[in-house]
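Protein sequences appear in the order of chains E and Z.
In this note's numbering, each residue carries its 1-based index in the first sequence increased by 95.
In this note's numbering, each residue carries its 1-based index in the second sequence increased by 618.
For the record, the hints were derived by calculation from the structure and aren't laboratory data.
The model shown is predicted, which means the values in this text are computed figures rather than measured ones.
Note that CB positions come from ideal geometry on N, CA and C, so glycine has one too.
Don't take each hint at face value.
What the hints assert, rightly or not - Computed list of lysine-lysine pairs in DSS-like fashion (alpha-carbon distance at most 25 Å, straight line):
#1 Z/K630 with E/K169
#2 E/K263 with E/K284
#3 E/K113 with E/K219
#4 E/K328 with E/K101
#5 E/K219 with E/K161
#6 E/K224 with E/K161
#7 E/K169 with E/K219
#8 Z/K834 with E/K169
#9 E/K219 with Z/K735
Claimed, not checked - Each pair of labels, with its calculated beta carbon distance range:
#10 Z/I738 with E/H301: 58 to 68 Å
#11 E/A342 with Z/I738: 45 to 55 Å
#12 E/S243 with Z/I738: 42 to 52 Å
#13 Z/K834 with E/G154: 27 to 37 Å
#14 Z/A727 with E/H304: 23 to 33 Å
#15 E/F210 with Z/L884: 49 to 59 Å
#16 Z/I776 with E/R217: 36 to 46 Å
#17 E/Q181 with Z/I858: 18 to 28 Å
#18 Z/K834 with E/E106: 25 to 35 Å
#19 Z/L713 with E/S167: 36 to 46 Å
#20 Z/F801 with E/D152: 56 to 66 Å
#21 E/Q181 with Z/I750: 37 to 47 Å
#22 E/R217 with Z/R787: 24 to 34 Å
#23 Z/I776 with E/N108: 53 to 63 Å
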Amino acid sequence: MGHVMKLEGIEKNFGSIKALQGVDLEVREGEVLALLGDNGAGKSTLIKTISGIYPIDGGQITVDGKAAQINSPKDAMNLGIETIHQDTSLAPDLSIARNLFLGREPVTIPALGVFAPLDLTRLKEEAAKLLKRVGISKNLDADAPVASLSGGERQSIAISRAMQFFAKLIILDEPTNNLGVEETNGVLKFIREVREAGHSVIYITHNIHHVMNVADRAVVMRQGRIVADLMIKDTDLLSLEAIIMGAEPEELAAEMRGKAH
Amino acid sequence: MASATMSSALKKPETTSFIILVLVVIGFTLANDRFLSPLNISNLLAFMPELGIIALGMTLLLTAGEFDLSVGAVFAFTPVSTMLLVQNGGVGLELALIIAFAATFCIGALNGILVTKIGISSFLVTLSMLLIVRGASLFLTQGFPLKSWDEESWIRTILAGSFYVGGIRIYASLIWFGLLSLFALYVLNVAKVGNWITAIGSNRNAAVARGVPADKVKIWLFIATSMLAGLAGVISSLRISSASPVAGSQYELEVIAMVVVGGTALTGGRGTIIGTIIGVLMLRIIRNGIVLVGVPGLAFNIFVGVIILAMLVLHAKLHKSSERK
Ligand SMILES: Nc1ncnc2c1ncn2[C@@H]1O[C@H](COP(=O)(O)OP(=O)(O)OP(=O)(O)O)[C@@H](O)[C@H]1O
Ligand SMILES: [Mg+2]
């Protein structure tokens, strides 16, 4: 199986804080990769470097076998990487439809550059189609401002935005935070659908049950480093939890072998 | 369905502002029948577009989450430096205007760069710029007003010419204000960049994460606001044939008041050009009407302040009821 993205020796410092210290990671085609680790481990920082929010201080990013320069969110989007960030995703004062196309607005006279008029009919039609496709249960009006939506509805909108451009790699940073049970199941269902459609997903979460449920592989970070990389089918909930909490994967493996004897 | 449309229209801040504007006009007309006389309307229309032109730039800037306190100083600086170049530099009016507007462009660009690239709040940057620019005008003129251009010139005709429509004197500035309003309306509501402006003011990080060039947009908005303030200053000085270094004092506050009274949020994300036009009319009409109904001059600002506050309370209440947290 090929890989869609390969990271080698990624470094990122915030002043004296070494947030990422030589991260190596491969994202394979059509897999759901769970990115785990305690608070402050560097998960969000890692995906922010991939999505062009933070420039990297060292290392090499390869996308589709070619060395990639990701200096801005636009670069990442053009490479087929769509990200739903933990802290921010939507502009509450814009309508749902305008949020869905923010940064990639359909326009009628492109020659006018930034002054080009938005194609408002297309914007609305596509938004309505998209809302249907992600199966948002309630009848949402594409013209409603995002400020009037619930947290779960907002998250669904952010996810449908990531879906619409058929990104190769969709990154979700704690997408089920603040969501109810039903909405959370919706997100997990969406992750499976995305994999079935052949896209890859990086899924950041603190919920190990979700990981066991939807992920193919788990990567655990600690203090800016990757400390474990395992296939979900080769591990179980308790060992995964132990690694996140600080156990060394090798010791754990030895312990498991000891038990087996 | 009709009632739903009605109530959503009523929730729009500009609708409330408009209703209040109509009430204010009716009130003043009943209180003093000279209020709607051609002379009074001519007076209102002479002055209003000059503040209105600045308010358009300020609306876009506020929607993106920034504001500009240096507009009043720029309002004086651009015409003063133009006339200094003409009178002391022996330069033609056209060239002098080009040079003065180039300097005005730089003031806006500097505001924008300091705010976005250095990360100082727009309050501090533009407050300092107010002092620098006002100080420069005072120093260059030694505090004395200059005689403005009063010979015939095509520039004077298109910027400050006037004609009569049924006894009401219409200045060219009103037409400029109308055209610029249409353009601003288009930019904010229809153009791609308008989507960006609102997104930046609403949630800057989200906009940046979608590839919106937030800093660049803000810098250009600062430039546009300075240029509009300069244009308003030049129009004003041509109309009254004098370029004063103290012209436009406290216009920054008057303009910001007009914009927020119209329903644009000081915190960014919510801007309305229609609301601003209503706000400009409202503040001018209130100032004019209060004098006509005989409120003593010194009590004047009490009324204006109370009316502005009342409007803001109303907008805040309406906004709360339409949003959930
Ligand atoms: N912009 C920043 N400036 C300074 N330090 C930062 C910045 N962003 C992150 N850090 C630091 O880098 C480290 C990694 O943070 P990061 O947000 O990547 O953690 P995380 O794994 O996503 O944690 P969580 O699970 O709590 O979201 C932390 O020590 C954090 O304080
Ligand atoms: Mg995080």
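field: Violated hints - listed by number, lowest first
entry: 1, 3, 5, 6, 9, 10, 12, 14, 15, 17, 20 and 22
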